[in-house]
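Going line by line, the protein sequences match chains A and B.
For reference, each letter of the first sequence is one residue, going 1 to 198 in the UniProt record's numbering.
For reference, each letter of the second sequence is one residue, going 1 to 198 in the UniProt record's numbering.
Be careful, since some hints might not be right.
Note that identical chains are pooled: a pair holds if it fits in a single copy or bridges any two copies.
To be verified - Here are the simulated lysine-lysine pairs, DSS-like style, with alpha carbons at most 30 Å apart: (1) K64 with K87; (2) K44 with K137; (3) K120 with K64; (4) K137 with K51.
What the hints contain is simulated information worked out from the structure, not anything from laboratory work.
Just so it is clear, the structure is predicted and the values come from calculations on it, not from any experiment.
Below are the chains, spelled out letter by letter.
2 protein chains.
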Amino acid sequence: MLPRPLQNFIDIFSRLPSLGPRQARRLAFHLLSLDEGTLGRVGKAVGELQKLDRCPRCFFVKEKEEKLCRICRNPKRDPRIIAIVMKETDLVSLESAGTFPGRYLILGESRIGELGTGQKLRLKHLASLIHKELGGKAAEIIVAVPPSSEGRLLMEELHPFIAPLAERVTRLAHGIPTGGEIEFADEETLKNALLGRR
Amino acid sequence: MLPRPLQNFIDIFSRLPSLGPRQARRLAFHLLSLDEGTLGRVGKAVGELQKLDRCPRCFFVKEKEEKLCRICRNPKRDPRIIAIVMKETDLVSLESAGTFPGRYLILGESRIGELGTGQKLRLKHLASLIHKELGGKAAEIIVAVPPSSEGRLLMEELHPFIAPLAERVTRLAHGIPTGGEIEFADEETLKNALLGRR
């Protein structure tokens, strides 16, 4: 019933996270109501994501033409303190608290507290960085996973990999409500969680 | 903190309906996790919306290279029966019930039951079509607005414009739950609402 470009848009956007078929349809009609210039800017914003890829050091996002992401490039960030987070959005939320002096490793999401191949590769990469640059031991590794049963399982899975790599292995303080998600915590809660780490 | 193309994407998508800043951020990182081919297809799907514009007859969406939308082009649709809907998504939902034999007018959304300039222009356009093609009277105009207090206000506002233009002015039967939205009704409810119109 709908013109092909519209149906195609709805099919593609329905499959994206945080959008179902109805939201995709609404979004499509909203975009069609915009003037051509604004619609052009929306299209360009998607196209320009192709200028980005992953930081080879921490796996966060960076511009392709740059060697490392902004955090790994920043000489003021302490390379001896490393926070392991599951998702990019968790890193963004922790950064907005503004109190973390170290760097990150994005682990990637796991199936119910189990480490997959991709995650194990990233941990090996972390181990080799620590060997090359920090003489085999980081000062601290913070496992910044949520205090859910899934997070606790993941923490247990991670521990044997991480324990030999750091003087101290810590986790975020229980300022974050149990069962909650890191990316939904407010900045104050995240600040307290960082300060109270043990 | 984020690379410019990423922040730009988040800024633009945060402003779209059914997406807030957090959803836009999630969507961005999801898109970045796709391979280049898939990301390219998403960008193309947005770009191709520029091939669409409005049907000059009913104001639904059509391909630019076509003169009318698929419904207005269909000779089997009865031009003497016209449903007035507020939004394109309402038309799509009514069509999926598959029982409506007539055509449409998309009125556009109104501020709390008040007709704006754009809506009045569309009603004038409808009047001139009815004069030119149907000798001044349609067989029936169905006002397909939800049975909310807003919809009732709009129905009252519309009535003086529409009454002289049709043998019968009807509204959808109260099969649709009061306070509900047309686009959220299931197909069976919409079928009943169409059949029970009075």
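We went through each hint and held it up to the structure:
1. K64 with K87: Within one copy only: 20 Å inside, 42 Å across.
2. K44 with K137: neither (44 Å within a copy, 47 Å between copies)
3. K120 with K64: within (24 Å within a copy, 51 Å between copies)
4. K137 with K51: Neither, since 35 Å and 58 Å both go past 30 Å.
The structure fails hints 2, 4 (numbered hints given earlier, in ascending order).
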